[in-house]
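Could you put the whole structure together from the sequences, leaning on the hints where they help?
2 protein chains.
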Amino acid sequence: MQCRMDALGITMRPHGKTAKSIDVINLFEPKHRQKITVSTLKEAEYYFDNGVKDLMYAVGIAPCKLPRLLALIRKGAKISVVLDSLQQVAFLSQCGHDNNVEIPALIEIDCDDHRAGIVPEDPKLIEIGRALNEWPGVCLKGVMTHAGGSYDCQSIEQIKNLAELEKQAALKCVERLNQSQLTCDVVSIGSTPTAMFCEELNGITEIRAGVFMFQDLVMHGLGICETDEIALSVLTSVIGRHELKNWLLVDAGWMALSRDRGTQNQSIDYKYGQACDLAGVPIRHLLVESTNQEHGILAFSSPPIEPLKDTTIGTILRILPNHACATAAMHNQYYVTQDNKTISEVWQRVNGW
Amino acid sequence: MQCRMDALGITMRPHGKTAKSIDVINLFEPKHRQKITVSTLKEAEYYFDNGVKDLMYAVGIAPCKLPRLLALIRKGAKISVVLDSLQQVAFLSQCGHDNNVEIPALIEIDCDDHRAGIVPEDPKLIEIGRALNEWPGVCLKGVMTHAGGSYDCQSIEQIKNLAELEKQAALKCVERLNQSQLTCDVVSIGSTPTAMFCEELNGITEIRAGVFMFQDLVMHGLGICETDEIALSVLTSVIGRHELKNWLLVDAGWMALSRDRGTQNQSIDYKYGQACDLAGVPIRHLLVESTNQEHGILAFSSPPIEPLKDTTIGTILRILPNHACATAAMHNQYYVTQDNKTISEVWQRVNGW
Chain S
1 MQCRMDALGI TMRPHGKTAK SIDVINLFEP KHRQKITVST LKEAEYYFDN GVKDLMYAVG
61 IAPCKLPRLL ALIRKGAKIS VVLDSLQQVA FLSQCGHDNN VEIPALIEID CDDHRAGIVP
121 EDPKLIEIGR ALNEWPGVCL KGVMTHAGGS YDCQSIEQIK NLAELEKQAA LKCVERLNQS
181 QLTCDVVSIG STPTAMFCEE LNGITEIRAG VFMFQDLVMH GLGICETDEI ALSVLTSVIG
241 RHELKNWLLV DAGWMALSRD RGTQNQSIDY KYGQACDLAG VPIRHLLVES TNQEHGILAF
301 SSPPIEPLKD TTIGTILRIL PNHACATAAM HNQYYVTQDN KTISEVWQRV NGW
Chain L
1 MQCRMDALGI TMRPHGKTAK SIDVINLFEP KHRQKITVST LKEAEYYFDN GVKDLMYAVG
61 IAPCKLPRLL ALIRKGAKIS VVLDSLQQVA FLSQCGHDNN VEIPALIEID CDDHRAGIVP
121 EDPKLIEIGR ALNEWPGVCL KGVMTHAGGS YDCQSIEQIK NLAELEKQAA LKCVERLNQS
181 QLTCDVVSIG STPTAMFCEE LNGITEIRAG VFMFQDLVMH GLGICETDEI ALSVLTSVIG
241 RHELKNWLLV DAGWMALSRD RGTQNQSIDY KYGQACDLAG VPIRHLLVES TNQEHGILAF
301 SSPPIEPLKD TTIGTILRIL PNHACATAAM HNQYYVTQDN KTISEVWQRV NGW
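Going line by line, the protein sequences match chains S and L. Residue numbers for the first sequence, in the numbering used here: 1 to 353. Residue numbers for the second sequence, in the numbering used here: 1 to 353.
Just so you know, the hints here were simulated from the structure itself, not pulled from any lab data. Glycine included, every Cβ here is placed at the ideal spot set by N, Cα and C. Fair warning: there could be bad hints in the mix.
Just so you have them, the derived chain S footprint on chain L, three or more residues with Cβ under 8 Å [as the list claims (entries may be wrong)]:
1. 41-50
2. 85-94
3. 129-139
4. 252-259
5. 284-296
6. 311-317
Calculated lysine-lysine pairs in the BS3-like style (CA-CA distance at most 25 Å, straight line) [unchecked claim]:
7. L:Lys172 to S:Lys245
8. S:Lys172 to L:Lys245
9. S:Lys31 to S:Lys42
10. S:Lys309 to L:Lys309
11. S:Lys341 to L:Lys42
12. L:Lys309 to S:Lys124
13. S:Lys78 to S:Lys31
14. S:Lys124 to S:Lys160
15. L:Lys309 to L:Lys341
16. L:Lys271 to S:Lys271
And the structure:
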């Protein structure tokens with residue numbers, strides 16, 4: 001990803017929500033980790049305390065977040081928020097004014113009918129931009145959009161089209177704001193799939209993405225990575241065998257893997273994850289068929305190629321996740337390995353809010 | 001549940017995996033909380049350190065668990081394990097023998113073709129029972145079964161039938177073992193639905209169940225509870241409004257609610273949860289339609305009864321969970337309230353392994 005961004009002449013604002021760990025962010029070259037995106041104020045506080053001073057809190061701002069936001073600003077954080085309504089500008093302005101600070105905000109743009117934001121043509125864009133520019137205690141920092149719909153694409157072609165749409169939506173808003181004498185320092189776009197396939201980024205100032213730090217089966221299904229590029233997996237022990245059904249029971253249930261079924265609508269449905277041997281080599285067609293809290297049921301999705309009889313109780317397997325963000329979220333730390341056998345380091349995560 | 005069990009003349013071995021908190025277990029009368037079920041060794045260690053000395057580790061035993069199991073036994077825990085193979089008896093026996101302790105084990109019975117265990121008719125029942133009785137370092141403690149299939153029942157009648165099946169499966173195994181001069185001190189059955197509808201328990205020594213401590217929308221769908229009996233909910237702020245779609249965005253995504261879709265096949269599908277006002281009164285038909293990591297999209301499942309225009313950004317809502325175990329697992333503590341407004345206590349959970 002760094003090579004892609006360097007070739008495109010753009011720096012990243014990596015999304016900290018996937019890794020939730022400064023040790024993962026520190027794997028980036030310095031220029032790509034000076035700014036970060038966060039999804040909770042707890043992440044903002046954590047990354048700030050660990051040296052990242054420029055933060056974007058990329059979940060729509062609400063009044064109850066203001067005290068912690070203010071505390072970060074007072075400690076020296078360069079933190080911006082995102083919003084898509086005049087009501088949000090109003091309470092932010094009141095807060096900034098009352099506390100004698102200027103809170104930077106980006107207008108969230110809906111580029112793919114996916115979640116939050118206003119569409120690029122919305123008359124509210126200019127109203128919100130003007131309010132941010134004119135009201136006390138706030139300032140217009142720019143625009144941001146997130147092509148989250150890219151997770152549902154069915155082909156590289158679709159991802160490329162969406163990447164272009166994402167960029168055009170942001171640029172259109174910049175153009176409209178400029179026509180009203182409103183300037184955007186930051187034009188922020190991103191999602192792992194669109195970041196991997198965007199082709200030219202004139203006018204864009206930064207890219208946000210997070211999942212690519214680990215990759216996962218959903219990204220594999222989208223054509224973004226090979227399974228041997230997935231950097232996150234869950235170790236589990238075989239705890240039972242059900243020979244009539246050709247089932248193995250393991251001690252990784254949804255508590256370890258999450259309930260994420262992100263590959264359900266892709267061409268290969270990996271159920272709750274792909275089983276691998278300890279070295280990380282996938283065992284063909286052996287998937288986590290279903291999960292209970294601490295039990296996973298492994299079964300072959302096609303007629304068995306490898307017989308299960310060689311796998312005894314106590315065998316350690318490795319499960320590749322559907323969705324790295326969701327699986328990592330079930331754990332408080334990462335065990336780092338270079339050789340799939342020994343743990344070289346333990347990296348903490350910052351779960352919670 | 002305590003009243004039911006008292007009427008049936010049975011004590012409980014509550015399942016600690018739902019609450020993962022001694023404060024919740026301490027709400028039981030003393031006789032119903034002397035023995036507990038756990039799903040991880042971390043729970044076992046935690047509950048033991050908090051005064052519960054009699055523990056059943058109810059996930060099939062594997063060799064990598066033995067050092068921590070031994071440590072608990074040496075500290076004085078009365079801890080039993082469950083198994084369904086001779087291979088498990090073998091490594092357990094070796095461990096017990098080598099360390100001069102006797103590890104008690106229950107044979108897991110499959111009463112509903114749901115997950116682990118051997119069927120009551122399996123010849124291995126007697127082989128495993130004999131091995132546990134005769135081999136050094138182990139002893140036969142009894143049998144256990146879990147009617148986890150009860151979560152998929154479609155009517156009270158079906159739950160009652162399954163409760164009877166669960167009991168009969170356990171009793172049949174006891175009878176078969178007795179015929180081979182093998183005795184069972186413990187005959188353990190349970191699941192919240194079957195525990196709520198079992199009718200007579202002669203021959204059963206204990207009931208395990210966990211979800212009933214909180215209840216949830218799946219239990220409501222099964223006819224086990226009303227929505228105002230659900231003791232667990234997630235508070236969230238409205239962070240956006242999408243008027244054309246009649247959507248509200250809230251800051252509770254799957255990170256707060258889990259990805260559990262347990263009501264999907266029930267007569268009412270609550271999607272990712274039922275939205276309530278701050279007082280916990282459900283807002284009719286307003287469900288969590290979809291979730292991202294920190295975003296939830298609320299939408300009406302039927303044509304809107306209450307217009308969304310009264311709900312502004314910053315409004316606090318309360319989400320009832322599909323599955324209490326899964327939603328609680330996304331959090332490190334409970335905020336306890338008597339009046340839905342003030343926090344009277346904070347209770348810790350023991351997540352992890």
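Here's how the hints hold up against the structure:
1. Under the rule that three or more residues need a Cβ within less than 8 Å of chain S, the assignment of the region 41-50 of chain L is violated, with 0 such residues.
2. Three residues within the 8 Å Cβ limit are the bar, and the region 85-94 of chain L against chain S gives 4, so the coverage statement holds.
3. Under the rule that three or more residues need a Cβ within less than 8 Å of chain S, the assignment of the region 129-139 of chain L is violated, with 0 such residues.
4. With 5 residues having a beta carbon nearer than 8 Å to a beta carbon of chain S, the region 252-259 of chain L meets the requirement of three or more and the stated coverage holds.
5. Coverage of the region 284-296 of chain L by chain S holds in this model, with 4 residues showing a Cβ closer than 8 Å to a Cβ of that chain against a need of three.
6. Chain S is given as covering the region 311-317 of chain L, and this holds because 4 residues of the stretch bring a CB closer than 8 Å to a CB of that chain, at least three being needed.
7. Between Lys172 of chain L and Lys245 of chain S the alpha-carbon distance is near 23 Å, which keeps this suggested pair within the 25 Å criterion.
8. Restraint check for Lys172 of chain S and Lys245 of chain L: the C-alpha separation of about 23 Å stays at or below 25 Å, so the hint holds.
9. Between the alpha carbons of Lys31 of chain S and Lys42 of chain S the distance comes to roughly 23 Å, so the proposed pair stays at or under 25 Å and holds.
10. In summary, the hint linking Lys309 of chain S to Lys309 of chain L is not supported, as the alpha carbons are separated by about 61 Å, beyond the 25 Å threshold.
11. Under the criterion of a C-alpha separation no larger than 25 Å, the hint pairing Lys341 of chain S with Lys42 of chain L is consistent with the structure, at around 23 Å.
12. Straight-line distance between C-alpha atoms of Lys309 of chain L and Lys124 of chain S comes to about 17 Å, which keeps the hinted pair within the 25 Å bound.
13. Proximity of Lys78 of chain S to Lys31 of chain S is assessed by CA-CA distance (about 16 Å); at most 25 Å being required, the pair is judged to hold.
14. For the hint pairing Lys124 of chain S with Lys160 of chain S, the CA-to-CA distance comes to about 28 Å; that exceeds 25 Å, so the pair is violated.
15. For the hint linking Lys309 of chain L to Lys341 of chain L, the alpha-carbon distance of about 24 Å falls within 25 Å, and the restraint holds.
16. Under the criterion of a C-alpha separation no larger than 25 Å, the hint pairing Lys271 of chain L with Lys271 of chain S is consistent with the structure, at around 19 Å.
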